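Student: One letter stands for each residue in the lines below.
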Amino acid sequence: MSVESDYFLKMDASPYIGEWIAIHGEEVVAHSRSLKEVHREVKSKYNVSSVLFVPILGEETYIL
Amino acid sequence: MAITFRYQMINGKGVSLKRPMINVTFSNGSEVFKTMALLDSGADMSAISSDIAEIIGIDTDGERTTIHGVAGKVESIQKKVNVSFGNEHERYSFNIPVKVVFTDESDSASFIPLLGRDGFFNQFKITFDEANLKFSLKKNND
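Protein chains in written order, with the working numbering: chain A, 124 to 187; chain B, 15 to 156.
For reference, chain A alone in the conformation it holds in the complex (with noise of 0.2 Å):
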């Protein structure tokens, strides 16, 4: 796991839901509707690479 994956097993994810979140750190850097719009907003600023991409899930059950 890694400080990205660990801050967002315990934030409180629900003010994104429906949209992607990018984790830095343990800071939400940016969030969208749109993964293209995070992900350009992202890269200008940071690498890529240690960026964590979430898209936040509604609280509906899921079937899939």
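The reader is advised that the hints may include incorrect statements.
[Said to hold, decoys possible] Label-pair restraints from in silico Cβ distances:
(1) A:S125 <-> B:K153: 34 to 44 Å
(2) A:E149 <-> B:D58: 31 to 41 Å
(3) B:R105 <-> A:P138: 25 to 35 Å
(4) B:E77 <-> A:V126: 34 to 44 Å
(5) B:D143 <-> A:S167: 40 to 50 Å
(6) A:E149 <-> B:E77: 41 to 51 Å
(7) B:D121 <-> A:Y169: 34 to 44 Å
(8) B:S150 <-> A:E164: 27 to 37 Å
Rather than coming from a laboratory, the hints here were simulated on the basis of the structure. All values reported here derive from a predicted model rather than from experimental measurement. Positions of the beta carbon are idealized from the N, C-alpha and C atoms, including for glycine.
Position chain B against the provided structure of chain A, taking the given hints into account.
Tutor: Just chain B now, kept in the frame of chain A:
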């Protein structure tokens, strides 16, 4: 040795959802994408959205096929991608077949990357400990 993970929980607003997700890196050459992926024993194959595929430079041209899920059907194309995961003691890296699922850009967060049976589950003994909110993966032939 087995790697044990905790279920991912969505916290807040009284919501208590738990999902078996792991931190993975999808890559294609030098392009990498770190994300959380859901272990899905009901998925015949792993799957990623088309925007992830484009970010890591996978060519999404070609003949599309329809794949079916409980909620309906979507268009996809089959490709291969490198996936790696692990912890400080063990790390695994594989080239696996994936279905690249074509999603609407504004709704792609509703599609989480899936790790399915062909190419992923068949490499591990996977144990879900629902009562204790843990799951573990042990590489076959270890």
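Student: The structure should be examined with respect to each hint, and the outcome stated for every one.
Tutor: So, going through the hints one by one against the coordinates:
Checked against the hint of 34 to 44 Å, the C-beta distance between S125 (chain A) and K153 (chain B) comes to roughly 21 Å, which is inconsistent with it. For E149 (chain A) and D58 (chain B), the hinted distance range of 31 to 41 Å is satisfied, since their beta carbons lie about 37 Å from each other. For the pair R105 (chain B) and P138 (chain A), the beta carbons lie near 33 Å from each other, so the given range of 25 to 35 Å is met. For the pair E77 (chain B) and V126 (chain A), the supplied restraint of 34 to 44 Å holds, since their beta-carbon distance comes to about 41 Å.
Distance hint check for D143 (chain B) and S167 (chain A): the Cβ-Cβ separation is about 42 Å, which falls inside the suggested range of 40 to 50 Å. Judged by the Cβ atoms, the range 41 to 51 Å given for E149 (chain A) and E77 (chain B) holds: they are separated by roughly 44 Å. At roughly 25 Å, the beta carbons of D121 (chain B) and Y169 (chain A) sit outside the given window of 34 to 44 Å. At roughly 36 Å, the beta-carbon separation of S150 (chain B) and E164 (chain A) lies within the given 27 to 37 Å, and the hint holds.
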